[in-house]
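Taken in sequence, the protein lines are chains X and E. Just so we're aligned, residue 1 is where the first sequence starts under the numbering used here, counting upward by one. Just so we're aligned, residue 1001 is where the second sequence starts under the numbering used here, counting upward by one.
Do not take every clue at face value.
With beta-carbon atoms standing in for the labels, derived distance ranges [stated by the list, open to error]: (1) A92/X - E1050/E: 19 to 29 Å; (2) K1040/E - S77/X: 43 to 53 Å; (3) G354/X - G1022/E: 38 to 48 Å; (4) V328/X - R1070/E: 48 to 58 Å; (5) V1014/E - S134/X: 25 to 35 Å; (6) D1046/E - E324/X: 16 to 26 Å; (7) G1013/E - E38/X: 27 to 37 Å; (8) G1016/E - T341/X: 28 to 38 Å; (9) A1064/E - R153/X: 28 to 38 Å; (10) G1022/E - D234/X: 23 to 33 Å; (11) G1016/E - R42/X: 42 to 52 Å; (12) D58/X - D1046/E: 13 to 23 Å; (13) E1050/E - T341/X: 28 to 38 Å.
Simulated from the structure, these hints should not be mistaken for laboratory data. The beta-carbon is built from N, C-alpha and C at its ideal position, and this holds for glycine as well.
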Amino acid sequence: MIKCVIWDIDNTLLTGIYLESGADLPGADPELTGVLRELSGRGILSALASRNPPAAADYVQQLTGADFAAVECGWGSKADAIVRIADELSLAAEAIAFVDDDMLERAEVAAALPDVLVLTPEEAAEAPGWPEFSPAVITAEARRRSQLYAERRRRQAAANEFGGSRDAFLRHAGTRLTIAPAVPADLPRLHELSVRTHQLNSAGEPVTQAELARLLASPRDSVITVRLADDFGDDGLVGAAIMTGNGGSSGPDVRVPALVLVVTVPLIMMSCRALGRGALDALLAWLCRSAAADGAAELRVPCLVTERNVPMRLALAAAGLRAEADSVAPDGRAIFARPLTGELPALPDWVTVG
Amino acid sequence: MLTQVTGRPELAGVPGDTPLFGAGVGLDSLAGTLLLRQVKRRYGVDVAAEDLNLDSLQTLGTLAAFIAARI
Chain X
1 MIKCVIWDID
11 NTLLTGIYLE
21 SGADLPGADP
31 ELTGVLRELS
41 GRGILSALAS
51 RNPPAAADYV
61 QQLTGADFAA
71 VECGWGSKAD
81 AIVRIADELS
91 LAAEAIAFVD
101 DDMLERAEVA
111 AALPDVLVLT
121 PEEAAEAPGW
131 PEFSPAVITA
141 EARRRSQLYA
151 ERRRRQAAAN
161 EFGGSRDAFL
171 RHAGTRLTIA
181 PAVPADLPRL
191 HELSVRTHQL
201 NSAGEPVTQA
211 ELARLLASPR
221 DSVITVRLAD
231 DFGDDGLVGA
241 AIMTGNGGSS
251 GPDVRVPALV
261 LVVTVPLIMM
271 SCRALGRGAL
281 DALLAWLCRS
291 AAADGAAELR
301 VPCLVTERNV
311 PMRLALAAAG
321 LRAEADSVAP
331 DGRAIFARPL
341 TGELPALPDW
351 VTVG
Chain E
1001 MLTQVTGRPE
1011 LAGVPGDTPL
1021 FGAGVGLDSL
1031 AGTLLLRQVK
1041 RRYGVDVAAE
1051 DLNLDSLQTL
1061 GTLAAFIAAR
1071 I
């Protein structure tokens, strides 16, 4: 699935060349403007990479009315610009499409970044009909995604200007995190998160909506949602966790008192948009405290160890969870655990528990 | 590198035994991932691949020692 299309400006989004047109600036290509709007409505981002001054990007933004999630206007290589945009938006190369009328630019990018989908403007005009650009279900979060990324840019600009620590900025920005049990209406968004998150996801595979519904209804499991907002905007449902309690083994035997309660978290997932905003740390702190309040002695988080979910592992380490080298779950995941005695991770005061 | 990934110049002089995860530096997942990526680019050491529990990230001192042992 393509999550972001990076567009060239000259002779692609514009019908001419910005700097060569003097006072008579070129108009926007009507077909591609339509594509921009259509993709945005599907939750697919657009960004700009162009060898032009920043004013060209402002001009395109004005003409098309589009919210660009990232803008790289400079004089370096397109491949480098694409890498910077991918880093900024925390996207993998295979989630990116690149559109440029120039054959040499397309060739350079294809050689440097083989996982990027490289398109001519003509192909881009047809792209909305392709499966890579057509998510099956479009959630409210998906539709708002373009707007959310514009809010993110403003938040990032404010953070860059702010002098103090990350937590001080989060408080200054009016961060509000809400942790609440999931309800059936959350299921489509939870499934979407399960499919889309990789870097902040402890499991190896998506969970079906049917399985999520089963967990929601199951008395032994809890599905916990995380919503994030601040003065710059409301990101909605950004993450979730599944908690399973009571006993170190499955199979409820009510005659055996649960002397050592272990709470297991088979899944934690968070949108990487929430990276850097304390959401995952807050969720882990809440999981520890909630389990402790239920009388559990240990919290266990099985987590797949891959190069993509290093951010998840960092959050686990910061929350005091550790994996023994030989501690492996049947599905091959490492089991990170911590005792729930002593000092538990702090829960910031901007967290509301619903 | 730490000041670069956190955007906080006051961290340039932080002592080597200051905890990275605690209140002092407050390294989070984002800054931590960027730091590890910088380490990999500059020193060729893939901390995440070799350190399951990321114990080497306890302090700048432990991280430096981890890198030095592998260059």
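The hints, checked one at a time:
no.: 1; hint: A92/X - E1050/E: 19 to 29 Å; result: holds (23 Å)
no.: 2; hint: K1040/E - S77/X: 43 to 53 Å; result: violated (22 Å)
no.: 3; hint: G354/X - G1022/E: 38 to 48 Å; result: violated (29 Å)
no.: 4; hint: V328/X - R1070/E: 48 to 58 Å; result: violated (25 Å)
no.: 5; hint: V1014/E - S134/X: 25 to 35 Å; result: violated (49 Å)
no.: 6; hint: D1046/E - E324/X: 16 to 26 Å; result: holds (21 Å)
no.: 7; hint: G1013/E - E38/X: 27 to 37 Å; result: violated (52 Å)
no.: 8; hint: G1016/E - T341/X: 28 to 38 Å; result: holds (30 Å)
no.: 9; hint: A1064/E - R153/X: 28 to 38 Å; result: holds (35 Å)
no.: 10; hint: G1022/E - D234/X: 23 to 33 Å; result: holds (30 Å)
no.: 11; hint: G1016/E - R42/X: 42 to 52 Å; result: holds (49 Å)
no.: 12; hint: D58/X - D1046/E: 13 to 23 Å; result: violated (40 Å)
no.: 13; hint: E1050/E - T341/X: 28 to 38 Å; result: holds (30 Å)
Checked against the numbered hints listed earlier, the structure breaks hints 2, 3, 4, 5, 7, 12; every other hint is satisfied.
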